[in-house]
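Q: The residues making up each chain are set out below.
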Amino acid sequence: MLEVAFVAFWMAMALYAAATVLYVYHVVTKRVALSWYATFATGAGFLLHTASIGLRSSATDGTELSGSNVLVLMAWALVLVYFVLEHLVKRKVYGALLVPIALLAMLVAQIGGLSSTVLAELRPEQAALLDNWRVGIHVAVIAFANAGFLVSAAASLMYLVLERQLKNRRSSKFMSRLPSLTQTDTIARRAVLWAFPGYTAGMMLGALRAIETDVALWWADPRVVLSGLVWLVFATYQFLRWRRGWGGRQGAYLSLAGFVLVVILAVVARTVPSGFHIFGL
Amino acid sequence: MHFVLVGLSHKTAPVAIREKLTFPAAVQEDALGRLTRLEQVNEAVIVSTCNRTEVYAVASSDDGGVDAVIGFLAEYHDLDRHELTRYLYIITGEAVVRHLFRVVASLDSMVVGEAQILGQVKEAYGHAQNTGTTGKAYNKLFRQSFEVGKRVRTETAIGESAVSISYAAVELAKKVFDALDGRTIMILGAGKMSELTAKHLVSNGVTRVLVVNRTFERAEEMAARFNGDALPYERLYEALGQADIVISSTAATEYVITKADLAPVSRHRSAPLFLIDIAVPRDIDPAVNDLSGVFLYDIDDLSGVVESNLEERMVEARRAEAIIDEEIGVFFSWAESMEVVPTVAAIRAKAEVIRQMELEKALRRLDLSDRDRKTVEALTCAIVNKMLHGPTARLKKAATGKDGYVYMDVARALYGLEDTEDRHGPGAFRNLLNMRAREIVEKQKETGEGIGDCGA
Chain A
1 MLEVAFVAFW MAMALYAAAT VLYVYHVVTK RVALSWYATF ATGAGFLLHT
51 ASIGLRSSAT DGTELSGSNV LVLMAWALVL VYFVLEHLVK RKVYGALLVP
101 IALLAMLVAQ IGGLSSTVLA ELRPEQAALL DNWRVGIHVA VIAFANAGFL
151 VSAAASLMYL VLERQLKNRR SSKFMSRLPS LTQTDTIARR AVLWAFPGYT
201 AGMMLGALRA IETDVALWWA DPRVVLSGLV WLVFATYQFL RWRRGWGGRQ
251 GAYLSLAGFV LVVILAVVAR TVPSGFHIFG L
Chain B
1 MHFVLVGLSH KTAPVAIREK LTFPAAVQED ALGRLTRLEQ VNEAVIVSTC
51 NRTEVYAVAS SDDGGVDAVI GFLAEYHDLD RHELTRYLYI ITGEAVVRHL
101 FRVVASLDSM VVGEAQILGQ VKEAYGHAQN TGTTGKAYNK LFRQSFEVGK
151 RVRTETAIGE SAVSISYAAV ELAKKVFDAL DGRTIMILGA GKMSELTAKH
201 LVSNGVTRVL VVNRTFERAE EMAARFNGDA LPYERLYEAL GQADIVISST
251 AATEYVITKA DLAPVSRHRS APLFLIDIAV PRDIDPAVND LSGVFLYDID
301 DLSGVVESNL EERMVEARRA EAIIDEEIGV FFSWAESMEV VPTVAAIRAK
351 AEVIRQMELE KALRRLDLSD RDRKTVEALT CAIVNKMLHG PTARLKKAAT
401 GKDGYVYMDV ARALYGLEDT EDRHGPGAFR NLLNMRAREI VEKQKETGEG
451 IGDCGA
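Chains A and B, in that order, are what the protein sequence lines are.
Counted from 1, the first sequence has number 25 at position 25 by my numbering; the numbering is strictly sequential.
Counted from 1, the second sequence has number 447 at position 447 by my numbering; the numbering is strictly sequential.
Honestly, the hints are just simulated from the structure, not real lab data.
Check the hints yourself; a few may be wrong.
Stated by the list, open to error - Straight-line C-alpha distance at most 25 Å; calculated PhoX-like pairs for lysine-lysine: (1) Lys90(A) with Lys30(A); (2) Lys174(B) with Lys167(A); (3) Lys122(B) with Lys20(B); (4) Lys150(B) with Lys30(A); (5) Lys122(B) with Lys140(B); (6) Lys167(A) with Lys259(B); (7) Lys174(B) with Lys90(A); (8) Lys174(B) with Lys30(A).
The structure displayed is predicted, hence computed values, not measured ones.
Can you build the whole structure from these sequences, using the hints too?
A: Rendered as C-alpha cells:
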C-alpha cells in the first residue's frame, strides 16, 4: 500500500508540474484553449494527491504528523483552496503562482525525507500529547489557514507589481496579463478574512491541548512564539484595513510580511530541535 | 488559374475617389454578374469597405484579366479609365494570395489589427457565393483566408490593446477596477474630448456620472446627456470623494486639483482613484500620483500607452506575417495540384503503378525468356502510352483556355486523383494509391528517368 501511495504521490507531482507549465503558458500567450488542461491537470493531480495521503495514512494506521507529512498536507490544502479560488474569480493567473508553490512544498517534503519520521523516537509523554482529536483538527485548520495566507500573499505580490506599473505609467505586455488592482486587493483581503479565524482556532486548540497535558513552559517554545507573531501581524492587518481604511500598498506589504513570518515559522519548525513542539521535525 | 486583383485603398486613393468606387450590398449581385459574364473572368469577389474596394478575379490570363476588370470598374462607375488607373493597384499571381491574407489579417488596414475587416471580407465572399461567382479556386482561397484571419487573431495579440486615447483610458480603468459596473465617474470641465471618453466608460458599465463645471448650465446640459448629476464648482472635492474615475479637461491655466487638497479625500477612501487629465495646460498637479491609491494619467501618458500598444501591434504584425507565409505555402501546395503539369504527371504515375503491378502479377504466372519478357513489358508500355496520349495532350491544350481548371478538376475526378483530405472510406484507399503514385514519381525524379520505363 505504501508503494501505491508513493507512486500516486509522484504522479501528483508530475501533474502539478504539467499544470504549472500550462498555467504559465496560458498567462504568457493568453490562449484559452490550453488553459482547460491546466485546470484538469491540477484537478487530477489533486485527486492523486488525496489518494496518496489516504493510502499512506491507512498503511501507517493514521497520518503521522511528521514535518514532511504536514508539508504535504499544506500543499494539499493550498491546491484545494486554489481550486475554489479559480472557480470563484474565473481567472487562472493565480494558478501560475500557487500551483508551483504547492509543487515546491511537496518536493521539499520528499527530499526532506518522508522516510525519516521522528515519530518513532517520540518520548511516551509526547505520544500521549498527540493522542487526541484536538491535535488533528489543530493541524488541519492551520494547514488551511496557511494556504489562505499564501493566497493573500500571492495576490498582494501581484497587486504591488501592477500598482508599480500603473504608477510609473508604463504599459507593458506583462501588465496586460495581470488581473486588476481591485481584484487582487479583494482576494488578498478576503483570503486573510477566512484564514485568520481558522488560524486563531487552530492556535487555541493547540494551547488547550498543551495546558490539558500540563506541558511546562509550553508558551516558550520558539514555534509557539512565532505563531503568536504571525497571529499578531494578521490581527493588525485586519484591524488596519477595517478601522483605518488601510488599503492597497500598505495592506499588501503587511500581508507579505505576515507570510514571510509563516515561512520562517515553517523553517524553524523543521530545523530547531528545542521546545516541546518538535513533531514537525 | 490566373489570380488577378485590381483595387484601391486608403493608401492609394483619396476619399473622393474611394467613395465613387464602392459596391454596397445592394448592387453586389448585379456587379458580380456583369463581371463574370466577361469572357476573361471566371470567378470574382468584390470586397468593398470604406477604406478599400478590391476586385478579386480568376482570369484566363493575367493581362487579359486585369484589362477586363479595369474596364468593368470604369464602365460600372462611369469613370475615365486612364484617370482611374492612376489610383489602382494591380496584383497578379501568387501576390494576390498574400495580399488577401494580409488584408484579412488586418495588416493592410489603416489601423493595423482592427477587427472589422475579417467580417467585411466574409460578407463580400458571401455575396459572391450566393451569386454563384466563386468556383473551386476562390472557395478554397477565401475559406483559407478566414482561417488565416482567425489564426492571426487568436495566435497573436494584434488586436488586443487599445490604440486610441479614449480606449486606452477605458483599458487602464479596467486594469484598476476590473469591471466598471457600478463605478462612478466625474467629468470636470464639459468638453468634447472628455465627453467621448466618458461615453466609452459608460458603455463599459459605469453607472453614475457626475459633472462639475465652472458654468453650471453647461454642467447640467452634459449631465442630462448622460442621465447624471450636475454639481456646482464649489462642491468639487465632495464629488471627488464619491468618484472612482475622474476625467478632467477644463480650460483653467492653473492646477484645479492639487496634492494638498486631494490628500484628505484620498485618505478617507479604500477604493483607488483613477484620474485622467486630458487638458493642456494640465488641470491636475502631477504630484497627486504620489498619493496612495491615486493613479494619474495625463494626455502624454495616454499617448505613450497608445504608442507602445501600436509598437506592440507592429511586433505582433511580424508574427502574423509568419503565419501568413505558412498559410501561403499550404494554399499553393493545393493550387499546384490544380495545375496541368502535376495533374498529367499524377495520371501517368498512377497508370505506371497499375502497369507495374499487373505486369508483376502476369509475369509470375508465365515462364518467359528474357526476350519475351521484354516484349511483354514493351507491350504494356505501348498500351498505357497510347491510352494516355490523347487525353493528356487534350488536357494540356484545354488548360490554357478559359475553363482550364474545370478540365483539371474533371480529370482529377475521373482518374481518382481527387484531394481526399475530408473523406473517409474508399477515398482513403484512393488516397493511399495516390500516395504510392507520388512515391514512384518522386523516386523517378530522383533517378532522373522519365515516368515509368516506357520513356513516355
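Q: Tell me the hint numbers this structure goes against, listed in increasing order.
A: none
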